[in-house]
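The whole structure should be built from the sequences, with the hints applied where relevant.
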Amino acid sequence: MIVLLTAPKFDEATEYSNKWALKIREKLIEKNITFIYLGGQEIKRIDFENSTKQCDTIIFYNHGSEDAWYGNKNEKICDLDNVNILKNKYVYTVSCLSAKKLGVEAFKNGSIVFIGYKETFVFSTEEEELFEDSANYGIMLIIEGYDWKEAFIKMKERYNENIRKAKSFWTKTWLAWNRDNLTKYDYEQPPESKCLLRKIAIKLFGTKAWKLTRLLFLGIILFLIGFGIALHDFAHQVWQLKGTVLSLEGGYIGFLLMFLGYLLSIHELLQKL
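For what it's worth, the working numbering labels the leading residue of the sequence shown as 36, then goes sequentially.
If you are wondering where the hints come from, they were derived from the structure by calculation, not from laboratory data.
Keep in mind that this is a model prediction, so the values were computed, not measured.
Do not take every clue at face value.
What the hints assert, rightly or not - List of simulated lysine to aspartate or glutamate pairs, DMTMM-like, C-alpha gap at most 25 Å:
1) K108 <-> E154
2) K66 <-> D46
3) K135 <-> E84
4) K108 <-> D46
5) K136 <-> D91
6) K108 <-> E65
7) K62 <-> D82
8) K135 <-> E65
9) K62 <-> E101
10) K44 <-> E61
11) K88 <-> E140
12) K54 <-> E140
13) K143 <-> D46
14) K58 <-> E196
As the list claims (entries may be wrong) - Have a look at the derived ranges for each label pair, beta carbon to beta carbon:
15) Y222 <-> E164: 50 to 56 Å
16) E50 <-> L299: 51 to 57 Å
17) L259 <-> S159: 16 to 22 Å
18) Q76 <-> F204: 34 to 40 Å
19) D268 <-> D82: 55 to 61 Å
20) K191 <-> S159: 45 to 51 Å
21) K200 <-> L250: 20 to 26 Å
22) Y222 <-> I260: 27 to 33 Å
23) L299 <-> T155: 43 to 49 Å
24) F258 <-> Y287: 16 to 22 Å
25) G263 <-> I68: 28 to 34 Å
26) N117 <-> D268: 44 to 50 Å
27) K200 <-> G254: 27 to 33 Å
Virtual Cβ for every residue (Gly too), placed ideally from N, Cα, C.
Next up, the structure:
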């Protein structure tokens with residue numbers, strides 16, 4: 036494991052999240068894990084992009100939006116334009132909203148796992164230690180050697196434990212909010228697709244169908260349209276010759292073999308993506 040720990044600091048909220056991230060830094064040092072630290076100051080996009088080339092695990096703390104992480108008030112260090120830098124990475128983020136779109140696109144672009152929050156991450160300075168413990172718990176377990184699936188499950192359980200410990204009504208409320216919006220994307224638990232064609236592809240090929248690009252989808256659609264037109268014309272000619280389309284003809288066997296070959300080719304392509 037080679038970790039990129041990124042925790043920009045540039046306003047009051049990031050003062051706290053940067054402090055939480057320093058606890059992770061201490062754990063990485065304790066476990067003698069190689070890591071790159073970008074934190075304690077504003078972070079530039081180019082520095083973040085270059086650092087991602089040297090790691091397999093990315094931890095990001097601080098401000099996010101539905102489609103981006105921020106290195107300072109105005110600069111996005113990761114967004115939909117460079118999300119491919121998360122390909123083949125394990126990603127753990129404590130930031131607002133970024134699991135909603137950025138996490139989905141990261142998964143589609145080949146992230147191995149993405150753990151983050153799909154709505155605003157909320158905390159208060161009252162009982163702050165419970166928010167810190169809940170946010171840090173999953174990655175602390177991963178550093179200890181737990182796999183990501185087990186760490187995610189235990190992180191949810193930790194939220195429940197801290198909700199029971201909390202004395203303030205609002206602490207309980209916000210911890211429950213964060214717990215419910217904590218999200219993991221991987222091939223066991225992929226995002227839910229809103230695209231009908233992708234839903235069909237997932238039914239046919241499983242979750243690896245998420246790797247199909249729009250251009251590949253277009254190619255599939257064009258093939259199926261052309262295949263349907265050719266099959267229709269062949270069936271029409273059979274009907275003209277025999278008065279029925281239901282006749283055992285070599286052409287039908289050829290169409291069936293072509294279609295099966297096409298499905299096998301797509302399946303094999305997905306295995307190699």
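Within 55 to 61 Å or not, the Cβ separation of D268 and D82? Holds, at about 59 Å.
Do the beta carbons of Y222 and I260 sit within 27 to 33 Å of each other? 30 Å, holds
Would the pair K136 and D91 pass a check requiring their Cα atoms to be no farther apart than 25 Å? 21 Å, holds
How does the Cβ-Cβ distance of K191 and S159 compare with 45 to 51 Å: does it lie in that range? 21 Å, violated
Do the alpha carbons of K88 and E140 lie within 25 Å of each other, as the hint requires? The given pair, whose Cα atoms are some 19 Å apart, holds under the 25 Å limit.
Supplied distance hint 43 to 49 Å, evaluated on CB atoms of L299 and T155: 45 Å, holds
Does K143 pair with D46 here, judged by a C-alpha cut-off of 25 Å? 32 Å, violated
Satisfaction of the hinted span 16 to 22 Å by the C-beta atoms belonging to F258 and Y287: Once the Cβ atoms are compared, 18 Å apart, the range 16 to 22 Å for Y287 and F258 holds.
A range of 34 to 40 Å was offered for this pair. Does it hold for the Cβ distance of Q76 and F204? Since the Cβ atoms of Q76 and F204 sit about 36 Å apart, the hinted range of 34 to 40 Å holds.
Go ahead and decide if the range 51 to 57 Å is satisfied by the Cβ distance of E50 to L299. 56 Å, holds
With the threshold set at 25 Å, check whether the alpha-carbon distance from K135 to E65 stays at or below it. Not satisfied, since the Cα-Cα distance of roughly 33 Å exceeds 25 Å.
Are K44 and E61 close enough, with their CA atoms no more than 25 Å apart? 18 Å, holds
The earlier numbered hints that this structure contradicts are 2, 6, 8, 9, 12, 13, 15, 17, 20, 21, 25 and 27.
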